[in-house]
Amino acid sequence: MRNAFVEELVELAAIHDHIALVVGDLGYSVVEPFADRFPDRFINAGVAEQNMTGLAAGMASEGYHIFTYSIANFPTFRCAEQIRNDVDYHQLPVTVVAVGGGLAYGALGYSHHAVQDYALMRSFPNMLIAAPGDPMEVRACMRYLVAHPQPSYLRLGKAGEPNFHSAVPEVQPGRWLKVADSQHSADGKRTLLSTGATLGIAMDWRNAPEYEQHSVYSLPLWSMASKAEQVAAAKKFDEIVTLEDHLVDGGFGSWMMEAIVGKPGVGARIVVHALKSDVCGTVGSQSTLNTLGGLGMS
Amino acid sequence: MVETTVLARAIRRNAVQMVRRAKASHIASALSICDIVAVLYGRVLTINPAMPKAADRDRFILSKGHGCVAVYAALAECGFIAKEDLLTYGQDHSPLMNHISHKVPGVEFSTGSLGHGLPFGTGKALAAKRMKAAWKTYVLLSDGELGEGSNWEAMMFASHHGLDNLVAIVDYNKLQSLTTVDKTLRIEPLAAKFSAFGWSVQEVDGHDHAALATALGSAPWAPGRPSILIAHTTKGKGVSFMENRVEWHYRTPSTEQLAQALNELQEQSHA
Chain A
1 MRNAFVEELV ELAAIHDHIA LVVGDLGYSV VEPFADRFPD RFINAGVAEQ NMTGLAAGMA
61 SEGYHIFTYS IANFPTFRCA EQIRNDVDYH QLPVTVVAVG GGLAYGALGY SHHAVQDYAL
121 MRSFPNMLIA APGDPMEVRA CMRYLVAHPQ PSYLRLGKAG EPNFHSAVPE VQPGRWLKVA
181 DSQHSADGKR TLLSTGATLG IAMDWRNAPE YEQHSVYSLP LWSMASKAEQ VAAAKKFDEI
241 VTLEDHLVDG GFGSWMMEAI VGKPGVGARI VVHALKSDVC GTVGSQSTLN TLGGLGMS
Chain B
1 MVETTVLARA IRRNAVQMVR RAKASHIASA LSICDIVAVL YGRVLTINPA MPKAADRDRF
61 ILSKGHGCVA VYAALAECGF IAKEDLLTYG QDHSPLMNHI SHKVPGVEFS TGSLGHGLPF
121 GTGKALAAKR MKAAWKTYVL LSDGELGEGS NWEAMMFASH HGLDNLVAIV DYNKLQSLTT
181 VDKTLRIEPL AAKFSAFGWS VQEVDGHDHA ALATALGSAP WAPGRPSILI AHTTKGKGVS
241 FMENRVEWHY RTPSTEQLAQ ALNELQEQSH A
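Protein chains in written order, with this note's numbering: chain A, 1 to 298; chain B, 1 to 271.
Hint data in this document are derived by calculation from the structure and do not stem from the laboratory. C-beta: ideal position from N, C-alpha, C; glycine also. Treat the hints loosely; a few may be bogus.
[Unchecked claim] Here chain A is said to cover these stretches of chain B; the calculated rule only asks that three of the stretch's residues, wherever they fall, bring their Cβ under 8 Å from a Cβ of chain A:
#, region
1, 121-135
2, 216-224
3, 238-245
[What the hints assert, rightly or not] Label pairs and their computed distance ranges (CB to CB):
#, chain 1, residue 1, chain 2, residue 2, range
4, B, ASN48, A, GLU11, 38 to 48 Å
5, A, ASN3, B, ARG130, 20 to 30 Å
6, B, LYS193, A, SER111, 55 to 65 Å
7, A, PRO125, B, ALA134, 52 to 62 Å
8, A, VAL271, B, MET51, 53 to 63 Å
9, B, ALA54, A, GLY109, 46 to 56 Å
10, A, ALA208, B, GLY147, 52 to 62 Å
11, A, GLY281, B, GLY147, 54 to 64 Å
12, B, ARG21, A, LYS236, 48 to 58 Å
13, A, HIS148, B, MET131, 15 to 25 Å
14, A, ALA147, B, TYR250, 11 to 21 Å
15, A, THR282, B, LYS193, 36 to 46 Å
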């Protein structure tokens, strides 16, 4: 996903002069293609995320679309108030990019585990979360964000995720993307719905007997503002199984439940699969920790 | 060109009345910066009330957002908003919130949480450099605010990138929320700190209009370096019973106290 991100960013920046990248002294072997081609629009803000985000908002207020870039919790929690007040409240086009969403930096410890980021970002009224499930969705999200500049959060995996889409899909906030039909669908009324890099887990679970009647959807763009649209999507199903590599509290499944539970016409049973808090404070590979957290492969 | 001492007195009169009407706090913090704000709006800033978003305007950011009545009053005196708008300060649904609000014409940035103005202004100054624009960015900070580490992150960045189009002003009234700055979190030697961070530093009496105008009007003072003006001020300046009294960070003047404050300010206009 990281490579798709920087490739797409370079392509978009070649077209749009107002795109700039501000990094928090991270991105070695990732950001160089951008930095080499657009030195006037590449800024290393150093190890200073509050200033990185505040100055990104200041530049955005003068017409730039700024992508801030760092890993895991550094561009989000460390500068949460700058995102809340400077970016989101002023509705400025800053895209906060965190590489290593979920437990991608599993061995590096709790400091590097981004398992509460959705909770933070979904609490901001103007924020659009972009959590792509594969490199194609990364490109789709990037194109959407540049075409619709606004406060946004792009959460990237770093495990060399495969493509599940054959082409760059059309994305819209709140719109479910069908990734696969069910193996043995009786009525197409059950689905696995993933956001972010757990799309690969959803595709794996689809092969398990328990989920052989489930289709797979991805929801890469979601926000407070796109909650209302979930009712219409949910009405098509009898069972919605959500997946996310984030803690249950404040996460994607919780967001979906708030959006649809108790709404007229929605009869779907919703089952939330998110990380158990056992992962907090434990180190291991991403797959080891995902399994510990309840997201093991079939 | 407006006489800045006249403007400052008008700002002070408005400020005490707004705070009384809204039963608000922070009057002493606002009185502290009235002269700085008057010199900025009356002499230094290139601004046009008919075009508050003009591309070539100077950008002013009030980082100590709790001192907002001084800026709202200046905006009204200079024609950015109607003087009647000041009557809505702190009222339900008014854009004139009790911390500076970008929903008011002429205000660049909302603050209220300290330590946000300088990084934001640094971004504006960097944008201006990259766009080869001539306008400058001015950021007014409080002294207690310097406890926020984000300011020092921005200072390192601004000097590293040679942002000589960035001018910061510290309202150094030596009092903060509970007691003196010195007893809270010592910031001296302040000029030496700023200098060590790569900024060009000057110090003035923050109530001396001529000195303020000379210093702010001549920035940048060193090519390639951001400028910071340490403005020595008196918290509550202009109202005798508020000056240097920590409780006026919070208290609202009574009807009698408002009358006394307005009398004192009136007498100063005849002095």
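Would you list, in rising numerical order, the hints stated earlier that this structure does not obey? Going through the list in order, the structure violates hints 2, 3, 6, 7, 11, 14 and respects the others.
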